[in-house]
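Engineer: Start from chain A and add chain B according to the hints.
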Amino acid sequence: MTGRPENAAALGSGSDVTPSLVIGLIIVGFWLLVALFGPTLAPYLESDIITDMSYAPAGEVGLLGSDYLGRDVFSRLLYGARMTMGLALLATVLSFSIGVTLGFTAAISGRWIDGFMSRINDALMAFPSVILALIVMSALGTSLVIMIVTVAIIDSTRVFRLSRALAMDVSVMDFVDVARSRGESLWWITAREILPNTLAPLTAEFGIRFTFAILFISALSFLGLGVQPPAADWGVMVKENLQGLLFGSAAALMPACAVASLTVGVNLIVDWFLKRMGSDVAQELMN
Amino acid sequence: MNPVIDIKDLWVEAGSASAGFDSIVEGVSVRVHPGEVVALIGESGSGKTTTALSALAYSKPGCRIVGGSIHLNGRDLLELTQEERRQLRGREAAYVAQSASAAFNPAIKIGDQVIESTVIHDLMPRNEALRQAVEMYQRLDLPEPGQLSNRYPHQVSGGQLQRLMAAMAMSSSPSLLILDEPTTALDVTTQISVLSAFKDLIKGQNTAAIYVTHDLAVVAQIADRIIVMQDGKTMEAGPTDEIISRPQNAYTQTLMAAVRPPPKSISFDTAGGGVQANSDSIISVRSLTAGYGRVEKKIVLQDVSLDVPKGQVVGVIGESGCGKSTLARVIAGLLPQVSGEIHHHGEVLRDTARRRTRDVLKNIQIVFQMPDVAINPRHRVREILGRPLDLFIGFDSSARESRIDELLELVELPKSYKTRFPGELSGGEKQRINLARALAAEPELILCDEVTSALDTVVGKAIIDLLKKLQDNLGVAYLFISHDLSTVASFADWVVVLYAGKVVEQGPLEAVLAPPFHPYTRLLLGSVPELRTDWLDGVVASKTHLDHLSQSVDADAVGCPFFSRCALAIENVCNRHNAPLREVNTGHTIACHVELEALGRQSH
Chain A
12 MTGRPENAAA
22 LGSGSDVTPS
32 LVIGLIIVGF
42 WLLVALFGPT
52 LAPYLESDII
62 TDMSYAPAGE
72 VGLLGSDYLG
82 RDVFSRLLYG
92 ARMTMGLALL
102 ATVLSFSIGV
112 TLGFTAAISG
122 RWIDGFMSRI
132 NDALMAFPSV
142 ILALIVMSAL
152 GTSLVIMIVT
162 VAIIDSTRVF
172 RLSRALAMDV
182 SVMDFVDVAR
192 SRGESLWWIT
202 AREILPNTLA
212 PLTAEFGIRF
222 TFAILFISAL
232 SFLGLGVQPP
242 AADWGVMVKE
252 NLQGLLFGSA
262 AALMPACAVA
272 SLTVGVNLIV
282 DWFLKRMGSD
292 VAQELMN
Chain B
89 MNPVIDIKDL
99 WVEAGSASAG
109 FDSIVEGVSV
119 RVHPGEVVAL
129 IGESGSGKTT
139 TALSALAYSK
149 PGCRIVGGSI
159 HLNGRDLLEL
169 TQEERRQLRG
179 REAAYVAQSA
189 SAAFNPAIKI
199 GDQVIESTVI
209 HDLMPRNEAL
219 RQAVEMYQRL
229 DLPEPGQLSN
239 RYPHQVSGGQ
249 LQRLMAAMAM
259 SSSPSLLILD
269 EPTTALDVTT
279 QISVLSAFKD
289 LIKGQNTAAI
299 YVTHDLAVVA
309 QIADRIIVMQ
319 DGKTMEAGPT
329 DEIISRPQNA
339 YTQTLMAAVR
349 PPPKSISFDT
359 AGGGVQANSD
369 SIISVRSLTA
379 GYGRVEKKIV
389 LQDVSLDVPK
399 GQVVGVIGES
409 GCGKSTLARV
419 IAGLLPQVSG
429 EIHHHGEVLR
439 DTARRRTRDV
449 LKNIQIVFQM
459 PDVAINPRHR
469 VREILGRPLD
479 LFIGFDSSAR
489 ESRIDELLEL
499 VELPKSYKTR
509 FPGELSGGEK
519 QRINLARALA
529 AEPELILCDE
539 VTSALDTVVG
549 KAIIDLLKKL
559 QDNLGVAYLF
569 ISHDLSTVAS
579 FADWVVVLYA
589 GKVVEQGPLE
599 AVLAPPFHPY
609 TRLLLGSVPE
619 LRTDWLDGVV
629 ASKTHLDHLS
639 QSVDADAVGC
649 PFFSRCALAI
659 ENVCNRHNAP
669 LREVNTGHTI
679 ACHVELEALG
689 RQSH
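These protein sequence lines map, in sequence, to chains A and B. Residue numbering for the first sequence follows the numbering used here, beginning at 12 and increasing consecutively. Residue numbering for the second sequence follows the numbering used here, beginning at 89 and increasing consecutively.
Simulated from the structure, these hints should not be mistaken for lab results. Some hints here could point you the wrong way.
[Claimed, not checked] Covered stretches of chain B, going by a simulated chain A footprint (3 or more residues, C-beta under 8 Å):
{"hint": "1", "stretch": "432-444"}
{"hint": "2", "stretch": "464-474"}
{"hint": "3", "stretch": "670-682"}
[What the hints assert, rightly or not] Computed list of chain A residues with no C-beta within reach of chain B, every gap over 12 Å:
{"hint": "4", "residue": "ALA46"}
{"hint": "5", "residue": "LEU143"}
{"hint": "6", "residue": "MET148"}
{"hint": "7", "residue": "VAL183"}
{"hint": "8", "residue": "GLY194"}
{"hint": "9", "residue": "SER196"}
{"hint": "10", "residue": "ILE205"}
{"hint": "11", "residue": "LEU206"}
{"hint": "12", "residue": "ASN208"}
{"hint": "13", "residue": "PRO241"}
{"hint": "14", "residue": "ALA267"}
{"hint": "15", "residue": "ALA271"}
{"hint": "16", "residue": "SER272"}
{"hint": "17", "residue": "VAL275"}
A virtual CB, placed ideally from N, CA and C, is assigned to each residue, including glycine.
Okay, chain A solo, but in the shape it has when bound (with noise of 0.2 Å):
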């Protein structure tokens, strides 16, 4: 029996921080705090009209100019973060529920019952996903709650597809046989055993889904199926602002850069712990 120190750290160690995810976390923490706090910070409502003049300069009026209205583009960008952050991620992690525990089902349970929901599931796929949402809000109208479910069961279809296959890869492990041979039920091995070797790659996939969820709201916004005016959304105040760029207005740009900018610092996180989990497993088949 040979110890294998070097290994021994391999779990729970955080010392290879890149700068990327430094990058990365900054912009998120950066945005999660205004998140938090943007409403108190604003110096206006995200209703208030404080300039009869549209499409104001910035630093004329408000620290960003005014919008089409002639509302501040600086307080509805802060009132807009909480709303665009918090409606993303309910609608992942609704989608996350669904997906999960449909995909998980369907791993452990016969082959009927999996192909059936593979086979749903696929035809849900088969539509572009905006389309989709189009027909469903269309049909049953824009309220935030209509959106969000929408949202979520659109987007858990994807989530279920990636949970059945990792499921199915860790359910034809030996520790699960042997789970088996103890006469545990399905809830307990899917819990117990399944779900923690599952967790790593799901929370990356989370963080990606995060990001889709956000571009997918705002696209719904831009199209007048999201969040309704006067609440402000940064996809909303895309949608609104656009006449603006014809006449030199940065009103939509800001929302824009700032839907980019919160995607681009999710995925640095993303990215690196993707890596580290592909050099944990690289070094788990090394050793």
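Structural biologist: Here is chain B on its own, set in the frame of chain A:
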């Protein structure tokens, strides 16, 4: 005569720039002359593969050669550029890896892979190379050499693939051959043909060879000199005879001690009692047939009957694919049987674990082969051992904690391991945890599925010793499944020999290891390498043995499954009718058409 490869004072480090470097090979020297085989022997992690790979001027990712010199045919490899080294590899020095099935590309025909290095290095035209390959197949005793090049890797057996690896390595007539555990993954019966093929090839072409292995008995057959390594250092070096007969170094002696004596030379302690024929059985398997697949069942286990008496060890032996693991899975309730019954203290068992009572589940525990995948890497040792306690025994929290301590003590691990994750344990330690988890349920029977196969000889021996001790102290019974006859012979009270899913012979250990033998048992007994240098030559000389090795197992065959490989086969009888069960003595049965008297007459 100049050496082909001359490695002097080699130092290799592993690690990364951020985590720092550790030496994994420290000042090792290897020198091999043409026609000579030098064996590097040691446990995993001893640096033997790293040393061997350095002869190709190659180091695994994360490793780097930091000191010493490596001369191949007089040229210093460390002075060469990457491109010059690439030119050498496959041409002057070739490598045969442990797992042939992993080393062949399943999508490319065998012939194209065998001649690949010849073609890459532009040594000869393709057709010429293919013609030479066929000659090589003949020399290696491969079946149907003419057609072999057009087959795909999945169409030939593991032993044949391993020999094809040698053909691939030899196709460019290299002056140095590096063999990295080339027979470790093979069955004993296959090992013989592969070993003798390697030996002939090396002697015939006057090639220098470095043979990496942890198996001393194999080394004794093929190597001229042995270098014993531990923790990256040379412990002892010398001619094979000397090392085997007079090991000087303490570590070499440990290695020698871990080699189990071949089954024939075991003296039986008859006073020890043997199996009581009528002791009540924990498990009685009756006419069990099982297989895989939903629509069309592939039957892998046919009409198997056996008993595991209280506190006894029943060894199940057979080569890979004979259905021995399937047997354990059916008994554990992981795989429903097609027909037949399993009794537990006289009561018929339900076919899946979830339908069985808690008592049954508690009494039968299973331990799997691969320690790495048999325990959940995300659970701490405390949780791994605590779960069966909660499930089957039920303790309050302080009693539970002290029971976990006790279990760790039973498997000879420190209490502090409770808080560790499996990733922080070595292979042998993981196998102990694996065992402790089975013991936690306080079972009557533990199904051990190849529990030592994935471990080094020394570590494996320690596990076997532990199993024996537990049997003595706790009175637990084992169904001990293995492909290694000597392990089973050192340990079992009762032996069941499986071939292609059928029981061909079973009985008390001493009866099975003495004549009369089933022809397959005899083949197995004759195939276990012995720790003397002339063993292989002796086996090869008795040509009958080899002729029947290259045939593969046919599970669907009508009649006796061993027919195609059997030296005593009776045409039109053995292949038409199922073999009758002949009772030699109480309990000792042989399934064979040949009369017992004839079976008894065969000598080794």
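Engineer: Each hint needs a verdict: does it hold in this structure or not?
Structural biologist: Going through the hints against the structure:
Check on the stretch 432-444 of chain B: 3 of its residues sit with their Cβ under 8 Å from a Cβ of chain A, so the three-residue criterion for coverage holds. Counting residues of the stretch 464-474 of chain B whose beta-carbon sits less than 8 Å from any beta-carbon of chain A gives 4, enough to reach three: the coverage restraint holds. Requiring three or more residues with a Cβ within less than 8 Å of a Cβ of chain A, the coverage given for the stretch 670-682 of chain B is violated, as only 0 such residues are present. For A/ALA46, the condition that its CB be more than 12 Å from all CB atoms of chain B holds, with the nearest at approximately 32 Å.
A/LEU143, annotated as away from the interface, keeps every beta carbon of chain B farther than 12 Å; the closest lies near 35 Å. With a least CB separation of 40 Å from chain B, A/MET148 remains clear of the 12 Å interface cut-off, as annotated. Here A/VAL183 does not stay apart from chain B, with its beta-carbon only about 9 Å from theirs, under the 12 Å limit. A beta-carbon of chain B is positioned within 12 Å of the beta-carbon of A/GLY194; the least distance is around 4 Å.
The Cβ of A/SER196 sits about 8 Å from the closest Cβ of chain B, inside the 12 Å cut-off, so the non-interface label is violated. With a cut of 12 Å on Cβ distances, A/ILE205 falls inside the contact zone with chain B, its closest approach being about 9 Å. Under the 12 Å C-beta cut-off, the non-interface status given to A/LEU206 relative to chain B is violated; the minimum distance is some 9 Å. A beta-carbon of chain B comes within 12 Å of the beta-carbon of A/ASN208; the shortest separation is about 6 Å.
Non-interface call for A/PRO241 relative to chain B: holds, since the shortest CB-CB distance, roughly 48 Å, exceeds 12 Å. Consistency note on A/ALA267: stated as away from chain B, and its beta-carbon is indeed over 12 Å from all of that chain's, at 38 Å minimum. With a minimum CB-CB distance of about 32 Å to chain B, A/ALA271 clears the 12 Å threshold, and the non-interface call stands. The beta carbon of A/SER272 sits about 29 Å from the closest Cβ of chain B, which is more than 12 Å, so the claim that it is off the interface holds.
No Cβ of chain B comes within 12 Å of the Cβ of A/VAL275; the nearest lies about 26 Å off, and the non-interface call holds.
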